[in-house]
Each structure stands twice: as C-alpha cells, then as structure tokens.
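Participant: Sequence:
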Amino acid sequence: MKKFKKLHTALLVGASLVLVSACSNGEEAEEQEVAEVVEVELDEAEEVEGTEEESEEAVELELESSSAPDETDAEMIEQMEAEENVDEAMVYVTDDGYVLVSMFVNEGVDVDAAEVLAQQYGEELLAKYADHVVDIEVLQGNDFLTHLVVE
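Just so we're aligned: the sequence shown equals residues -26 to -1, 1 to 125 in mature numbering (1 follows the signal peptide of the UniProt record, and there is no 0).
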C-alpha cells in the first residue's frame, strides 16, 4: 500500500509537471519527455497494483490452507458435549502438531469451573495425542472465559 501511495504521489507530481510545461513557452520536445515520464510512471503503478493484488490473493490462499483443520475427533466432541455444562464442543487435530479445542459452556458456568473443564480435557487430550500441543479455549456466548495450552 505504501508503494501505491508513493507511485500515486509521483503521478501527481508528473501530471503537475505536464501542466506547468504546457502552460510555459517551452519547446515541444520538453513536453513530450514529461508526457513519456508520466506514461512510464502510470505503467509502473499498474504493474505494482497488479502485483499487490496477486500477493494478497496468495496470502489468503496460504492462510486458508494452513489454518484448515486436518481432522476432527468426533469421539472427544461427543464426550465433551455429554458434560452437563457444555453446550457445544469442537476438536480439531492438525498435521502440524496441534489439537485445537473450543468449548461453549452454559450461562451458569463461572471462570473457575471453565478452568477445571479445560484442565481435565487438556490432560486427557495430551494423553491421547502425546506428540501434539493441546490448545483449549472455553467460551460462554460471546465471552471468553479461559484459555489453556498443554504441552
């Protein structure tokens, strides 16, 4: 974006030079040189803009592919959702060594109870996936109650 702003500024300066030279009694060759410079700057700006769009698309694709979970643990999800205080659970196991857990708990659950749930399932998941890092977050509606990483 900074490159685009710099090029935009350069284009404005170039256009100003064209206007100044057009208003002066200078030679046509000078005007033609300024016009050519502005044309080159416009071409460069279009190239940079295209490059920025392409790189943004590449970053988005990379994020989508790297953040996509490789598999879910349906058995553990079922076990968590069987808990009295858990409304919904998601357990994702990635190939890059993480078990990502989100638990949504009932309104009556306080932070201490959420921490106990996170610790309980963190240890259980670490035993099941010993070569992974277990990352658990417990939420209540839109509120974040606790976060635990077990290695």
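Treat the hints loosely; a few may be bogus.
Below, simulated SDA-like cross-link-like pairs (lysine to any residue); rule was C-alpha separation at most 20 Å, straight line [stated by the list, open to error]:
(1) K102 with G115
(2) K102 with N80
(3) K102 with S76
(4) K102 with G71
(5) K102 with D69
(6) K102 with T68
(7) K102 with A48
(8) K102 with Q53
(9) K102 with A56
(10) K102 with E81
(11) K102 with E52
Using C-beta positions, here's what the derived DEER-type ranges look like [unchecked claim]:
(12) G82 with D44: 17 to 27 Å
(13) V123 with E62: 15 to 25 Å
(14) D84 with D44: 11 to 21 Å
(15) A101 with N59: 19 to 29 Å
I should point out that these hints are in silico values taken from the structure, not numbers from a laboratory.
Glycine is no exception: its CB is placed at the ideal position from the N, C-alpha and C atoms.
Participant: Decide, hint by hint, whether the structure agrees.
Facilitator: Cross-check of the supplied hints:
no.	hint	in the structure
1	K102 with G115	28 Å, violated
2	K102 with N80	26 Å, violated
3	K102 with S76	17 Å, holds
4	K102 with G71	13 Å, holds
5	K102 with D69	15 Å, holds
6	K102 with T68	14 Å, holds
7	K102 with A48	13 Å, holds
8	K102 with Q53	14 Å, holds
9	K102 with A56	19 Å, holds
10	K102 with E81	29 Å, violated
11	K102 with E52	15 Å, holds
12	G82 with D44: 17 to 27 Å	34 Å, violated
13	V123 with E62: 15 to 25 Å	21 Å, holds
14	D84 with D44: 11 to 21 Å	34 Å, violated
15	A101 with N59: 19 to 29 Å	22 Å, holds
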